[in-house]
Amino acid sequence: MTGASWVAFLVAAAMGATARYLLDGLVQDRTGGAFPWGTFVVNVTGCLILGVLTGLGLYHQLGASTRTVLGTGGMGAYTTFSTFSFETVRLVEEGAVDGALRNAVGSVVVGLAAAFVGLALTAAV
Amino acid sequence: MLAVIALGGMLGAAARYGVAQWLPTRTGRFPWATFWTNVSGSFILGLLLVLLVERFPPTRLVRPFLATGVLGAFTTMSTYEVETALLIKDGHPLTAASYGLGSLVVGLAVAYAGILTGRIRDGS
Numbered sequence: 061m062t063g064a065s066w067v068a069f070l071v072a073a074a075m076g077a078t079a080r081y082l083l084d085g086l087v088q089d090r091t092g093g094a095f096p097w098g099t100f101v102v103n104v105t106g107c108l109i110l111g112v113l114t115g116l117g118l119y120h121q122l123g124a125s126t127r128t129v130l131g132t133g134g135m136g137a138y139t140t141f142s143t144f145s146f147e148t149v150r151l152v153e154e155g156a157v158d159g160a161l162r163n164a165v166g167s168v169v170v171g172l173a174a175a176f177v178g179l180a181l182t183a184a185v
Numbered sequence: 122m123l124a125v126i127a128l129g130g131m132l133g134a135a136a137r138y139g140v141a142q143w144l145p146t147r148t149g150r151f152p153w154a155t156f157w158t159n160v161s162g163s164f165i166l167g168l169l170l171v172l173l174v175e176r177f178p179p180t181r182l183v184r185p186f187l188a189t190g191v192l193g194a195f196t197t198m199s200t201y202e203v204e205t206a207l208l209i210k211d212g213h214p215l216t217a218a219s220y221g222l223g224s225l226v227v228g229l230a231v232a233y234a235g236i237l238t239g240r241i242r243d244g245s
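These protein sequences, in sequence, are chains X and L. Using the working numbering, the letters of the first sequence map in sequence onto residues 61 to 185. Using the working numbering, the letters of the second sequence map in sequence onto residues 122 to 245.
In case anyone wonders, no lab produced these hints; they're calculated from the structure. Ideal Cβ positions, reconstructed from N, Cα and C, are used throughout, including at glycine. Since no wrong hints were added, every one of them can be taken at face value.
If you only want the chain L side, here are some residues facing chain X, beta carbon under 10 Å, derived: (1) I126; (2) A127; (3) G129; (4) M131; (5) A141; (6) T158; (7) V160; (8) A188; (9) G190; (10) F195; (11) T196; (12) T197; (13) T200; (14) G221; (15) S224; (16) L229.
Residues from chain L that keep clear of chain X, each with C-beta distances beyond 12 Å, as calculated: (17) G149; (18) W153; (19) F177; (20) P178; (21) G212; (22) T216.
With the hints as constraints, model all of the structure from the sequences given.
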């Protein structure tokens with residue numbers, strides 16, 4: 061990456077991580093409860109957006125550096141796997157095995173579906 | 122608060138980019154870079170949060186910086202899911218299944234291992 065791309069990458073990553081914190085808090089406040097809806101919403105929306113960015117690269121010649129900045133930097137920092145795995149294990153420890161299973165399977169399956177929707181949207185236009 | 126999350130996010134994302142450059146994934150192959158990133162980040166987060174919450178009460182900014190910022194941004198759900206989707210789309214269902222399920226199962230197992238490691242007391 062060039063110097064300018066690195067600056068853009070770091071700005072995108074800073075914005076992604078901050079947006080995750082803010083949206084997670086907002087969603088978790090509204091939903092209450094033990095189920096980690098905040099992380100779920102962040103991760104699924106991020107999968108959709110990265111699907112769109114990847115599709116724009118595959119079907120509409122979006123440049124590699126733009127995809128690295130927005131996708132690897134922005135969406136990579138916005139979505140998180142470690143918080144997802146930690147929250148899932150915590151649900152098991154708290155005896156909410158049902159919730160843990162729904163979170164694990166739901167996050168992965170809905171996130172995968174969102175990635176496909178993003179790819180399909182860009183392939184269709 | 123937001124500033125330390127932003128700073129941690131930059132460090133975590135840059136480290137993830139570094140791992141991806143070091144272990145480049147060819148089209149149609151198992152994405153080891155994201156796999157190791159997510160697995161190592163899950164272990165460290167489990168360990169860290171137990172140490173911070175159960176053993177050493179954190180200062181106000183340590184948890185947002187390390188957990189939300191650095192490790193949150195180091196690991197990624199979106200790259201994992203899009204890589205899995207591309208493997209399916211390009212006709213590699215077995216690689217997609219082993220990557221998709223493997224990341225999930227190993228990620229959860231090491232998160233738990235990290236939590237247990239954090240609870241090990243000296244002399245016990």
